[in-house]
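Input sequences plus hints: build the corresponding full structure.
As a plain string of letters, each chain reads:
Number of protein chains: 2
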Amino acid sequence: MTYGVGMRINRGLVFMSDTRTSAGVDNFATTRKMFTWTIPGERKITILTAGNLATTQSLISLLEERSHVVEDRDPSILKQPTMFQVARLVGDTLKEVIAESSPNGQTSDDQFRASVILGGQIGDGKPTIFLIYPEGNFIEISDDTPFFQIGETKYGKPIIVRAYDPDMSFEDAIKLLLVSFDSTVKANLSVGLPFDVEIYEDGSFSSDRHKRVESTDPVYQAISEDWGDALKAAFKGLPSYNI
Amino acid sequence: MTYGVGMRINRGLVFMSDTRTSAGVDNFATTRKMFTWTIPGERKITILTAGNLATTQSLISLLEERSHVVEDRDPSILKQPTMFQVARLVGDTLKEVIAESSPNGQTSDDQFRASVILGGQIGDGKPTIFLIYPEGNFIEISDDTPFFQIGETKYGKPIIVRAYDPDMSFEDAIKLLLVSFDSTVKANLSVGLPFDVEIYEDGSFSSDRHKRVESTDPVYQAISEDWGDALKAAFKGLPSYNI
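Protein chains in written order, with the UniProt record's numbering: chain C, 1 to 243; chain Z, 1 to 243.
Worth flagging that the hints you see were computed from the coordinates, not collected in a lab.
Here are the simulated BS3-like cross-link-like pairs (lysine-lysine), alpha carbons at most 25 Å apart as the crow flies:
#1 C:LYS211 - Z:LYS236
#2 Z:LYS236 - C:LYS186
#3 Z:LYS232 - Z:LYS186
#4 C:LYS236 - C:LYS186
#5 Z:LYS232 - C:LYS232
#6 Z:LYS79 - Z:LYS126
#7 Z:LYS211 - C:LYS236
#8 C:LYS186 - Z:LYS186
#9 C:LYS79 - C:LYS95
#10 C:LYS232 - Z:LYS236
#11 C:LYS232 - Z:LYS186
#12 Z:LYS232 - C:LYS186
#13 C:LYS236 - Z:LYS186
#14 Z:LYS186 - Z:LYS236
#15 C:LYS236 - Z:LYS232
#16 Z:LYS236 - C:LYS236
The following residues of chain Z were derived to be distant from chain C, with all beta-carbon distances above 10 Å:
#17 TRP37
#18 GLU65
#19 SER67
#20 ARG73
#21 SER102
#22 ARG113
#23 LEU189
#24 SER204
Yeah, the Cβ is synthetic: ideal placement off N, Cα and C, and Gly gets one too.
Below you can see the structure in the form of structure tokens.
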């Protein structure tokens, strides 16, 4: 599995994804699942992937036109006029890749299944995020649904539901996602460090705020440990229930 | 779905289950999923069920020998000499019920699938808990695995993993499970109030400490609200992460 989150706050967008890929517990590795494209001053696009690794790698290769020789590459993802058009392009490409692998037509239950979070900003458009399904269709983020998750989503959802605030700072947003990811890692072997983190400030059209958080990262370790203690303290403060 | 937890602490056992049953979002109802049998001074047995409602109701009816007229009933669950033998009986009965519904043999993916948490104490034995699979086999609780969950288990797992302590009081154990259930209810429509809660004190062989927690319960409401605030406060105290 995988765990990936794309979240919108008033200041911009925040993305986080783990890097564990596995075909059974005896065959796992570290793989990047976050991909970015930037044209400074014009567009910034980020994709997080979850699901069959052959499918998602093929998707990214097609989007980057790796079937062309280097000098002929001119990825159409960099030409679409709006994020909505980019979402259509990514959805169509994803659907094609899955259809090629599964000759009988693709369903959500397929072993070739994959999901994608697409976020970014183009020109005058607002920064936005889409969740793209293996069927190629997609939904867009809104004030009522300010974040999308893919992969192993359940363990880390309650804390985001409780602590999300659209006015939060980027620092707090990263902290929130680190806690959500840490809860998931503690409960599920198929999600693992390092994590890729990226923040995108509204109107910046730049991709320089990216970091890979390793398991040895002292701030991550402090957050992980302090969160356990803080939870216990918070828990102690609750009213008692006796029967 | 369902959410049910059986947890062992040094003082005894704690059980909690939700009561929502649904066949699609437009067809849901409240059903008891916690069942207890007691012979004062001799044995106390509690069962939590998750899965296909026809299967679990049939299981309970067979265990209570409801196929017999009232005066002939003499449930064998009340005759087994040890909790291990009770687990075998429940597992075999569960396997039979599922096999009857699915003529081609039963697998875990079956629509008739159901899981059971069985806990209690018989005579000189220690209080213990078993998790019984639809295949009829089962595992027993241990110091390393002091709780079992069935149904919609993921949302509520992180808080139990973090805050469980074998020395905790019954009050704290109930509080912990209420927080775990509250996190699940906030994230998943298929789990709902009221909750059935039961605590069993080592050596008491009694079932009088049982309560149904309604959504209007003021202590539950306070825990639910305070937990959100406490989480936010705990979250604020964590170190910041900037990139």
